[in-house]
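Taking the hints into account, I'd like the entire structure generated from these sequences.
Counted the way the numbering used here counts, the sequence shown spans residues 1491 to 1525.
Just so you know, not all the hints are guaranteed correct.
[Said to hold, decoys possible] Dumping the calculated DSBU-like pairs for lysine-lysine here, alpha-carbon to alpha-carbon at most 35 Å:
| id | residue 1 | residue 2 |
| --- | --- | --- |
| 1 | Lys1508 | Lys1494 |
| 2 | Lys1492 | Lys1508 |
| 3 | Lys1502 | Lys1492 |
These are computed hints drawn from the structure, not numbers from a lab.
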Amino acid sequence: MKEKEVLKIFQKCGGMLKGHFLLSSGLHSPDYLQV
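And the structure:
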């Protein structure tokens, strides 16, 4: 399975979020993977 396929699965089931996220480390990220 390729990386793009895995990411599509996470996006489809709501585990991969796109937006603006403030991480607990204080850094910002455009993506968030909820596992």
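Review point. Taken at face value, is the distance from the CA of Lys1508 to the CA of Lys1492 at most 35 Å?
Key: holds, 20 Å
**Study point:** Agreement of Lys1508 and Lys1494 with the hint, judged by alpha carbon distance not exceeding 35 Å
**Key:** holds, 15 Å
**Study point:** Restraint status (C-alpha distance of Lys1502 to Lys1492 at most 35 Å)
**Key:** The hint holds at about 16 Å.
Hint check: no violations occur; every hint is consistent with the structure.
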